[in-house]
Structure formats: C-alpha cells, structure tokens
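Asker: Start from chain A and add chains B and C according to the hints.
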Amino acid sequence: MIHDTAIVSPLAEIGEGVEIGPYSIVHGNVVLGDRVEVGAYCELGVTTPLGDGSPLVVGDDALIRSHSVFYESSRFAPGLVTGHRVTVRENTQAGAGFQIGTLSEIQGDCTIGDYVRFQSNVFVGKKTTIGNFVWVLPYVVLTNDPTPPSNDLIGCNIKDYASISAASVILPGVTVGTHALVAAHACVSKDVEPHTVVAGVPARAIGDTGTISLRDGTGRPAYPWTDHFTRGYPGHIVDGWKAKEDGEN
Amino acid sequence: MIHDTAIVSPLAEIGEGVEIGPYSIVHGNVVLGDRVEVGAYCELGVTTPLGDGSPLVVGDDALIRSHSVFYESSRFAPGLVTGHRVTVRENTQAGAGFQIGTLSEIQGDCTIGDYVRFQSNVFVGKKTTIGNFVWVLPYVVLTNDPTPPSNDLIGCNIKDYASISAASVILPGVTVGTHALVAAHACVSKDVEPHTVVAGVPARAIGDTGTISLRDGTGRPAYPWTDHFTRGYPGHIVDGWKAKEDGEN
Amino acid sequence: MIHDTAIVSPLAEIGEGVEIGPYSIVHGNVVLGDRVEVGAYCELGVTTPLGDGSPLVVGDDALIRSHSVFYESSRFAPGLVTGHRVTVRENTQAGAGFQIGTLSEIQGDCTIGDYVRFQSNVFVGKKTTIGNFVWVLPYVVLTNDPTPPSNDLIGCNIKDYASISAASVILPGVTVGTHALVAAHACVSKDVEPHTVVAGVPARAIGDTGTISLRDGTGRPAYPWTDHFTRGYPGHIVDGWKAKEDGEN
Chain A
311 MIHDTAIVSP LAEIGEGVEI GPYSIVHGNV VLGDRVEVGA YCELGVTTPL
361 GDGSPLVVGD DALIRSHSVF YESSRFAPGL VTGHRVTVRE NTQAGAGFQI
411 GTLSEIQGDC TIGDYVRFQS NVFVGKKTTI GNFVWVLPYV VLTNDPTPPS
461 NDLIGCNIKD YASISAASVI LPGVTVGTHA LVAAHACVSK DVEPHTVVAG
511 VPARAIGDTG TISLRDGTGR PAYPWTDHFT RGYPGHIVDG WKAKEDGEN
Chain B
311 MIHDTAIVSP LAEIGEGVEI GPYSIVHGNV VLGDRVEVGA YCELGVTTPL
361 GDGSPLVVGD DALIRSHSVF YESSRFAPGL VTGHRVTVRE NTQAGAGFQI
411 GTLSEIQGDC TIGDYVRFQS NVFVGKKTTI GNFVWVLPYV VLTNDPTPPS
461 NDLIGCNIKD YASISAASVI LPGVTVGTHA LVAAHACVSK DVEPHTVVAG
511 VPARAIGDTG TISLRDGTGR PAYPWTDHFT RGYPGHIVDG WKAKEDGEN
Chain C
311 MIHDTAIVSP LAEIGEGVEI GPYSIVHGNV VLGDRVEVGA YCELGVTTPL
361 GDGSPLVVGD DALIRSHSVF YESSRFAPGL VTGHRVTVRE NTQAGAGFQI
411 GTLSEIQGDC TIGDYVRFQS NVFVGKKTTI GNFVWVLPYV VLTNDPTPPS
461 NDLIGCNIKD YASISAASVI LPGVTVGTHA LVAAHACVSK DVEPHTVVAG
511 VPARAIGDTG TISLRDGTGR PAYPWTDHFT RGYPGHIVDG WKAKEDGEN
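These protein sequences, in sequence, are chains A, B and C. Taken in order, the first sequence gives residues 311 to 559; the numbers are from my numbering. Taken in order, the second sequence gives residues 311 to 559; the numbers are from my numbering. Taken in order, the third sequence gives residues 311 to 559; the numbers are from my numbering.
One chain only, chain A, in its complex shape (with noise of 0.2 Å):
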C-alpha cells in the first residue's frame, strides 16, 4: 500500500506487494522489487549528476527504514535491511541481504558483497570494497583520502568474513583480511593478514583470532565466528559453513 501522502512519480518502477510509508518520495528513475517496504520520510532516487544515468534499483524483499536517503544509479541485490536515516550514494552496488544501521552513510562507487551487516552509524567512503559476510560495527570509519585534501581517494578494501569493532577508523588503502578482527577504537593503518586480531592507535597485531574463547561459558573458540554465530543468514549458506567446520575436525 503507497501512502495517501507518498510523492511518487509515475515514471517510477514498482513491484507487486510494494508499501511507501507517509510522506516519503520516491523519484522517476527507480526500480522497487516485490513486497519492498519503505518508511515514512525517505527519499528514493534522488538525482545526480555524479552518477551513470542508471536507476536505484532495490531487490525483492527489503526494508527502508524511515528518514533514510538514496541516491539513483545504485542497485541492491534482495534482503536489503536498513535503520532509520541512512544515507547511500550513487554508483554502489551490494549484494544480498545487505543489512546497514540506523544513521549509517555510504559515501558511493562502492561494491559490497553478500550478507554484509553494517551496526549503527558506519561511515564508508567512496571507492571501498568490501567482500561477503563482513560484520562493520557502530561508529566505524572507513577512509579514503590518504592525504587530505588530495584528489588522490584509495578505499580500504575489507575481505569476507572479517569483523570491525566499534569506532575503529581503517585508513586509505589498507586491506584486512578474511576472518580478521579489528579491535574496539583502533586506528588500522597497515594491512590486516587473514585471521589476525589487531588493535590499538596505531593498530598492532596482538594474535591469531583463534586464541580468543566465547564468554558464554562454554570456552568455545569465538573465531571463525562461523562457527557459532548462524543468526538470520539463509539455511543453505549456514549449511555450507558447517560443512566446511565439519570437514577440518
């Protein structure tokens, strides 16, 4: 159901099953997939001259929480999940079951795999890569400009499976690895090898996320998180994680 007071342009492409919340807008050069739910006071589609001429399109299945901004030319693969007033540019491209935090900006041309969960007020600069089942934590700054000012933006580039704690900043460039994790408040200005905690300002590697014990009493190893950690991903994917565990015991 599109609210009596939704602005929405008859050039827009909706969905079957499709509900705009009160008086939200929506824009000609967007796509919306089937049963999409969109809040109250978001805007959707809002143009630019910084991006390709493409439509926002958003899959099947999502929910745009209230207050929240997107830009055109940006496409979402289905499951898309968002918190209240987030804000996405142009020219970014995300995989399935996207889930970004209340408050929480994606600057644009950026490319964000599958099943990635950005916590609350995460903040990605243009020109970021980040791969499939990557946790960000609230107040976590991605950066991109290496000497600022400069025309000179390189993204970080996050690898599948890491973890990023809470107001880390990861500087311009850096990778971190597959199954890393990135310490509460840490400032990464070097790369992250795969399975490696770091932590500190400036970060540091302080051991292999192997070392570290759940604290639900179990001592069970907290990493690969894979292991123990299945909430709201699709049964298939968490079926090919135990498999996987299942085959290196």
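Because the hints were derived from the structure by calculation, they are not lab data.
Heads up, the list lumps identical chains together, so a pair's fine if it works in one copy or across two of them.
With a straight-line Cα cutoff of 30 Å, these simulated BS3-like cross-link-like pairs (lysine-lysine) come out:
no., residue 1, residue 2
1, K500, K437
2, K436, K469
3, K436, K552
4, K469, K554
5, K552, K469
For clarity, every value in this text was computed on a predicted model and none was experimentally measured.
Answerer: Frame of chain A, contents of chains B and C only:
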C-alpha cells in the same frame, strides 16, 4: 495543538496541552502525558515484534525535537528532552529529566536512571545500565558484544554521577564507578573505580578526580561536579547535594 | 518553486528563484537569498530563546539538502552547501562557500571563515572558532568543556588551511595552527604548531607537513595542499594561491 498534517492514531492516549508538529506520526500504542511537545517529522510508537506489547509512554512536560523516532514498549518518566533525530528502540526505561542529544541512539533493553544527560551522537547498545545523574558526552559509544558477532551481549554499567568524555568507547560489560571520569577518546576495557580518572587506548587510571581543578580561574576542584554545576536540576536535588557537601566540610 | 506541501511563513523573506522541497518548513524569522535550494523535510528558522533575535540568513546560491535543521540567529554568506540531516544552532556566523557534510552538527555561538569544508558527521561544540580554507574530515569532534560537566566552555581554534583527519578529537581550547595536519583518530590535547603533523592518543608532533608526499605517483609534496588541490574554489582564490607559490619558488 496538533498540526493539521500530523497523523495521530485514534488509539493513542494524548494528555492535555500536547503539541504535535507538522508531518509527525503517532501510532496507536502510545501514551503521551500532559504538555508533551513533539516537533516535526517525528514517528512515535513504531511497532516491533521485539517489544513486550506495552505502549511507548512519554511522561509529562517532555520535549521531543524534530525527526526523532521512538518505538513502542519504552517508558520515560516526566521531563524528557531530546535533540533532533534521536532514535530509541523498545524496552527502554528511563527516569525523570532525561536529556538525549541530537543523533543519539538507544538500541533498547536499557535501564536509565534519573536526570541522565546524553549530549550529541551518543550510542547506547542493548542491555546497558545507567545510574542517576550520569553525563555522556558527544560521540561516546557504549558497546555490548565482546566477540563480534556473537549472541553474548553484555551491557556496560555506568554508575551515578559518572562523566564520560567525548568520543570514548566503553567495552562490553565494563562498570564505570560513581563519580568517575573517563577522559576524551579513551577506550575503556576494565572497570573504573569510583572517583577515578581514566584515559588512553586502552584506558588506564591516571589519578583521582579530586586533583582536577576548574578552568574558571578560581582553582576550585572540578569534581565532584555536583559541588559547582547545578544548571537545570530541580531545587530539591541541588539542595540535597549542598547538604551533603556541607556535611563533608 | 516552492512545493505545494512546504509550509512557508508569510513573514519569511524569500529571494528570487528559490526552491523549497516537499514537506519543508520555513519559519518567519528567516531570510533566504536568491537561488537558494532547500531539499525535503528541512526546518529552517527554528525559534530559540538562546538566539539574539536576528533571523537565520542564508546567502545566495545555497543548497541545503534534505532533513536539515537550522535555527534562527545564524548567518551564512553566499554559496553554502550542506549534506543531509545537518543541524545548525543559533548565533553561528559562516563565510562564503561553506560546505557542511551529512549529519554534521554545529552547536552554535561559532565563527567560521570562508571556504571551510566539513565532511560527514563533524561535531562542532559551542564557542569554536574556525579560520578560512579549513578542512574537517568525517567524525571529527571539536570539544569545549575541559571538565565535564562545567560552565567553562572553551572552544577550539582552528587556523587557516589546517586539515583535521577522520575521527580525531580536539580538546577544549586547543589551537591548531595554519596549514597544520592532524592525523586520523588523534586526540589533540596541546596546541599544534603551523605546518606540523600531529598523531596519536594523546597526539604528538611527528614532523613537518612538508615531508609528506602525494600518493599519486608523482612524489610531489602533499602540503601545502593549496599547491595541488583547487577543486571547487573560485578562480580568484586559486590564482592567489598560485601567485604565492610562484613567489616562493
């Protein structure tokens, strides 16, 4: 006065003298006390399966500024004041005179005492406990996941009169003691003793709060701050602080 | 064009060619110059007892993006550009060509020079003074209370051409010198000399800005940045920088 453009459910319980600004939305599971003032573009009582079914209750004489979002199943004693674009999720209980700065977010399942003041852009993770008369400065992050991602959320515990300076991060499960001071941009990984100052990444104790002087030229001690800072607190509270101070002298 | 759903006070002074987006609110104590463009869901000229009674004045050719809030008693020279969800409180004066990134907040009683650029989510406490051509990167916090909570607000002072990198915190009363560079995620507790780089928590001087090279493969010095970065500045400004550089060589 309720603005013509506001959308207010007939199921909502609205007190006397309530003002609701342009384009704001009040859902059905909401109780607003007397003289509550709600700015423009707010959404109150967002429904969620994570709530306990109880309404959003906003006590008398509250001021909720524009673009704010409150979910159902949270309860605020009288005198709530918010900045703009505040987000409060379900199952949060807060005492009298709570102030929440612009852009701050409370993720829910939190307990907050009386006369707590958050400045701008404060993040409060689920399961946080905050005492009375606590100050939290801009861009502070109160975390809760010791091994992200996990299901073991362990909230922070901030005791009465503690003051947490700008851009600090408190790690999961940490207790900050009464009248303690966390310096700006600290990363607090261990419990902080009462009346103690901690600073750095990771934060270490650097002294007693009693050794810090005000910067007003008088040389008076800055802590306990209740000896010199009383703006906005009710008279009976301030009288209690004065009596205590007199008794100690 | 003023959108049908915008609520514009007849007392507001609106220039020629002004555009006001859907659902925006313009209160009476507001002066908008010619060709000012205001996005959706903005509220301009919020009244406050903390103002001096003067209007919010937005100079010609400004662009204020959606969900932004400006109070009365602040004044902007021509060419203001904001991101989304910007908040500016009362008694702020800013020069020409001021850019304020998405989610940034200026708490009021601030003085800001010409051609200053804030990126996203910058926080500026009361009583801050900022010179001309200053850059402030994402998630920077400019504080003002040396002993929170107190009544002794002492603003930061950021001098011409200084650049403050992402997620840094500047402590109350600190002066950052002309052409200085604050590294990312620094906590600056002492004054920073001109043309000096500081880094760390607490920040220490680590060298002269002249020793840093661009990452563009040329090996040219990155600072002073005015020697290579001119995007978006007016021709007469850039000509002045070039003349100065030629004079020095």
